[in-house]
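Engineer: First to last, the sequence lines map onto chains R and A.
Numbered per my numbering, the first sequence finishes at 926, counting up by one with no gaps.
Numbered per my numbering, the second sequence finishes at 1509, counting up by one with no gaps.
No lab work stands behind these hints: they were computed from the structure.
The structure presented is a predicted model; accordingly, all values stated were derived computationally and were not measured.
Among the hints, a few may not be true.
[Unchecked claim] Computed cross-link-like contacts, BS3-like style, restricted to lysine-lysine with a CA-CA straight-line distance of at most 30 angstroms:
{"no.": "1", "chain 1": "A", "residue 1": "Lys1481", "chain 2": "A", "residue 2": "Lys1338"}
{"no.": "2", "chain 1": "A", "residue 1": "Lys1481", "chain 2": "A", "residue 2": "Lys1312"}
{"no.": "3", "chain 1": "A", "residue 1": "Lys1481", "chain 2": "R", "residue 2": "Lys827"}
{"no.": "4", "chain 1": "A", "residue 1": "Lys1311", "chain 2": "A", "residue 2": "Lys1481"}
{"no.": "5", "chain 1": "R", "residue 1": "Lys923", "chain 2": "R", "residue 2": "Lys827"}
{"no.": "6", "chain 1": "R", "residue 1": "Lys827", "chain 2": "A", "residue 2": "Lys1500"}
{"no.": "7", "chain 1": "A", "residue 1": "Lys1500", "chain 2": "A", "residue 2": "Lys1481"}
{"no.": "8", "chain 1": "A", "residue 1": "Lys1338", "chain 2": "A", "residue 2": "Lys1500"}
{"no.": "9", "chain 1": "R", "residue 1": "Lys874", "chain 2": "A", "residue 2": "Lys1315"}
{"no.": "10", "chain 1": "R", "residue 1": "Lys923", "chain 2": "A", "residue 2": "Lys1338"}
{"no.": "11", "chain 1": "A", "residue 1": "Lys1481", "chain 2": "A", "residue 2": "Lys1315"}
{"no.": "12", "chain 1": "R", "residue 1": "Lys923", "chain 2": "A", "residue 2": "Lys1311"}
{"no.": "13", "chain 1": "A", "residue 1": "Lys1500", "chain 2": "A", "residue 2": "Lys1311"}
{"no.": "14", "chain 1": "A", "residue 1": "Lys1315", "chain 2": "A", "residue 2": "Lys1500"}
[Claimed, not checked] Stretch-level coverage of chain A by chain R, calculated; a stretch enters the list once three of its residues show a Cβ under 8 angstroms from a Cβ in chain R:
{"no.": "15", "segment": "1309 to 1316"}
{"no.": "16", "segment": "1448 to 1462"}
{"no.": "17", "segment": "1475 to 1482"}
Backbone N, C-alpha and C fix where the C-beta goes; we use that ideal spot for every residue, glycine too.
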Amino acid sequence: MAYKYRLEILAGIAIIAFCALFLYTSTTMSGAEFAGSDNVGSGLIAELSGKPVDSFTPLIPQYEPPSGEIESCLFALQAAFGGILIGGVFGFWLGPARRKPVE
Amino acid sequence: MHIMEGFLPWQWCVVWWIIALPCLMIGVWQLKKVLKADREVLPLLGVVGGFVFILSSLKLPSVTGSCSHPTGTGLSAISFGPWITAVICAIVLLFQSLFLAHGGLSVLGANIVSMGIVGPLVGYAVYRLLRDTSLNIYITVFLVTALADMFTSVTTSLELALAYPAETGGFTSSFILFMGIFAVTQVPLAIVEGVVLALVFKYIIALKPDILIRLGVFSEKQIETARSEC
Chain R
824 MAYKYRLEIL
834 AGIAIIAFCA
844 LFLYTSTTMS
854 GAEFAGSDNV
864 GSGLIAELSG
874 KPVDSFTPLI
884 PQYEPPSGEI
894 ESCLFALQAA
904 FGGILIGGVF
914 GFWLGPARRK
924 PVE
Chain A
1280 MHIMEGFLPW
1290 QWCVVWWIIA
1300 LPCLMIGVWQ
1310 LKKVLKADRE
1320 VLPLLGVVGG
1330 FVFILSSLKL
1340 PSVTGSCSHP
1350 TGTGLSAISF
1360 GPWITAVICA
1370 IVLLFQSLFL
1380 AHGGLSVLGA
1390 NIVSMGIVGP
1400 LVGYAVYRLL
1410 RDTSLNIYIT
1420 VFLVTALADM
1430 FTSVTTSLEL
1440 ALAYPAETGG
1450 FTSSFILFMG
1460 IFAVTQVPLA
1470 IVEGVVLALV
1480 FKYIIALKPD
1490 ILIRLGVFSE
1500 KQIETARSEC
């Protein structure tokens, strides 16, 4: 039984360990803001080039989500689209496999 | 792993676009060919593309005190090769640059090179190296997905270090600085992504082994062994 599900168990352990590690660092590490690495990277670019972060303006004008809520909404949409695709296809594959033969 | 719009000088934007465009063209051509030969691979394409969509929208906190997202490109690189993966990534990155202000149209080329081309290429190379060995399929999938993820952030660091060499130490020292931000954050994420995608691969093998065999991803014997093992 355990042998059959060892990959599931391994994945579970990896995820739990990852969460535990996050909880540990977020409580013990001072100055951990959990900002996006993209933003941290942009900060370093500003430092290296000696120009303030604000001076980097988009080369091609782009739409910016007006607030964090809308941004997270769009991110959720992106994830939902992926989820629908995956769920749909697995259902599409699973359906015929589970269909009982007509007597 | 995104480079933000405006943060790359236009000369470099052009360079990365010139590298990205031919790869995308090969990808579109291959995609047409694969779909023409066998329409039944379309659902598999949906699944591997869906994972790129989901995983690249998940920003996860990492041990370093900053957040990054996995890429999910490994599965696609194994199933369809790096060029088709580049096309999938281009779609995801275009969505993010148009609606989320993550990346941008001028830096899209650079972001496609890191997430859609170099990462999957490294993953694909690892897959080709390990495919014909007796190594367990799931370990191969783990290594491919984790390394594709890792090399995406290594490439981002490389792109930025080339554009912004440090005053003292030049390219090397700024590469190390960017690696410290992007690559170190990515290590735990890459490991978790590798394990989870190996699990997903188990389900694909369980449900549709015939597609993988037809695409020549793994041999029939390897798939049989994998099915009986786990």
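Engineer: Any hints from earlier that this structure breaks? Give me their numbers in increasing order, please.
Structural biologist: 8, 9, 10, 12, 15
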